[in-house]
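Student: One letter stands for each residue in the lines below.
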Amino acid sequence: GDSVTQTEGLVTLTEGLPVMLNCTYQTIYSNPFLFWYVHYLNESPRLLLKSSTDNKRTEHQGFHATLHKSSSSFHLQKSSAQLSDSALYYCALSDGGSALGRLHFGAGTQLIVIP
Amino acid sequence: GPKVLQIPSHQIIDMGQMVTLNCDPVSNHLYFYWYKQILGQQMEFLVNFYNGKVMEKSKLFKDQFSVERPDGSYFTLKIQPTALEDSAVYFCASSRGLGYYAEQFFGPGTRLTVL
Chain A
1 GDSVTQTEGL
11 VTLTEGLPVM
21 LNCTYQTIYS
31 NPFLFWYVHY
41 LNESPRLLLK
51 SSTDNKRTEH
61 QGFHATLHKS
71 SSSFHLQKSS
81 AQLSDSALYY
91 CALSDGGSAL
101 GRLHFGAGTQ
111 LIVIP
Chain B
116 GPKVLQIPSH
126 QIIDMGQMVT
136 LNCDPVSNHL
146 YFYWYKQILG
156 QQMEFLVNFY
166 NGKVMEKSKL
176 FKDQFSVERP
186 DGSYFTLKIQ
196 PTALEDSAVY
206 FCASSRGLGY
216 YAEQFFGPGT
226 RLTVL
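Chains as they are written, first to last, in my numbering: chain A, 1 to 115; chain B, 116 to 230.
Heads up, some of the hints might be wrong.
To be verified - Dumping the calculated DSS-like pairs for lysine-lysine here, alpha-carbon to alpha-carbon at most 30 Å:
hint, chain 1, residue 1, chain 2, residue 2
1, B, Lys168, A, Lys69
2, B, Lys174, A, Lys50
3, A, Lys78, B, Lys168
Unchecked claim - Here are the in silico distance ranges between beta carbons for each label pair:
hint, chain 1, residue 1, chain 2, residue 2, range
4, A, Gly16, B, Lys177, 41 to 51 Å
5, B, Leu154, A, Gln77, 23 to 33 Å
6, A, Gly16, B, Leu175, 35 to 45 Å
7, B, Lys168, A, Ser84, 22 to 32 Å
8, B, Asp129, A, His64, 27 to 37 Å
9, A, Leu41, B, Ile153, 46 to 56 Å
10, A, His64, B, Gly116, 18 to 28 Å
11, B, Val169, A, Ser84, 33 to 43 Å
12, B, Pro196, A, Pro115, 46 to 56 Å
13, B, Lys168, A, Pro18, 43 to 53 Å
14, A, Thr12, B, Gly212, 13 to 23 Å
Keep in mind that the hints were calculated from the coordinates and are not lab data. Every residue gets a Cβ at the ideal spot worked out from N, C-alpha and C, and that includes glycine.
Model the full assembly from the supplied sequences, consistent with the hints where possible.
Tutor: What follows is the structure in structure tokens.
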């Protein structure tokens with residue numbers, strides 16, 4: 001079945017360093033849609049950004065990601081981490097085969113940014 | 116931005132009792148979802164709901180589970196009877212439409228503890 005893998009459970013970074021959170025996926029459908037959700041403590045998970053066409057970069061709030069179908073990846077990046085980026089980040093897949101909105105989530109990566 | 120509310124934030128009940136989790140979705144949204152997250156695990160899709168009907172459900176949506184949204188009020192998840200393995204955080208989400216172009220807005224979750 002469809003699945004999403006986030007290899008890092010915890011990433012700790014010093015402020016100002018680049019961020020890269022890994023996300024790979026598995027699906028039989030040729031046209032998957034990938035999403036990054038950010039979940040701050042005591043708040044609701046919210047959409048950070050979503051994939052575009054293959055090999056096209058999408059950006060939002062300083063973060064960016066590129067869907068690479070050849071490697072089934074959608075890694076989240078940011079050039080310079082800020083203290084306020086500390087949160088739980090989920091990668092999610094909508095397989096496109098289901099037009100019904102079901103999202104498959106990865107296990108999440110806890111990002112901690114320290115001064 | 117648009118907010119999804121969930122009531123209560125925490126619920127503790129004894130195994131075998133009934134519980135109802137309430138969700139107040141975004142006002143003009145038409146599609147509603149429940150996801151379940153066991154502690155330390157990923158968020159998993161339970162069910163989605165549109166126009167008074169379940170559209171899709173996962174294998175986690177046991178016979179003891181039911182959903183409804185009577186007359187545009189709360190979208191509810193009822194578990195009757197509860198079991199120990201139902202202990203989890205339950206997230207409600209809503210969207211205007213389906214698929215890639217329909218962002219799912221999430222509530223903050225209800226933490227259910229079954230004793």
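Student: Please go over all the hints and tell whether each is borne out by the structure.
Tutor: Hints, verified against the model:
At most 30 Å may separate the alpha-carbon atoms for a hinted pair to count; Lys168 of chain B and Lys69 of chain A exceed this at roughly 34 Å. As the CA atoms of Lys174 of chain B and Lys50 of chain A are separated by approximately 27 Å, the hinted pair is consistent with the 30 Å bound. Between Lys78 of chain A and Lys168 of chain B the CA atoms are separated by roughly 41 Å; this puts the pair beyond 30 Å, and the hint is violated. Checking the proposed 41 to 51 Å range against Gly16 of chain A and Lys177 of chain B shows it holds: the Cβ atoms sit about 48 Å from each other.
One distance hint, 23 to 33 Å for the beta-carbon pair Leu154 of chain B and Gln77 of chain A, holds here, with the actual separation near 29 Å. Our hint of 35 to 45 Å for Gly16 of chain A and Leu175 of chain B holds, since their Cβ atoms are close to 42 Å apart. Lys168 of chain B and Ser84 of chain A have their C-beta atoms about 41 Å apart, which leaves the hinted 22 to 32 Å range violated. Between Asp129 of chain B and His64 of chain A the Cβ separation comes to about 48 Å, which falls outside the hinted range of 27 to 37 Å.
Look at Leu41 of chain A against Ile153 of chain B: about 19 Å separates their beta carbons, and that is not inside 46 to 56 Å. At roughly 21 Å, the beta carbons of His64 of chain A and Gly116 of chain B sit within the given window of 18 to 28 Å. Checked against the given bound of 33 to 43 Å, the beta carbons of Val169 of chain B and Ser84 of chain A, roughly 39 Å apart, stay inside it. At roughly 50 Å, the beta-carbon separation of Pro196 of chain B and Pro115 of chain A lies within the given 46 to 56 Å, and the hint holds.
At roughly 47 Å, the beta carbons of Lys168 of chain B and Pro18 of chain A sit within the given window of 43 to 53 Å. Between Thr12 of chain A and Gly212 of chain B the Cβ separation comes to about 38 Å, which falls outside the hinted range of 13 to 23 Å.
The structure does not agree with the numbered hints 1, 3, 7, 8, 9, 14 stated previously, though it agrees with the rest.
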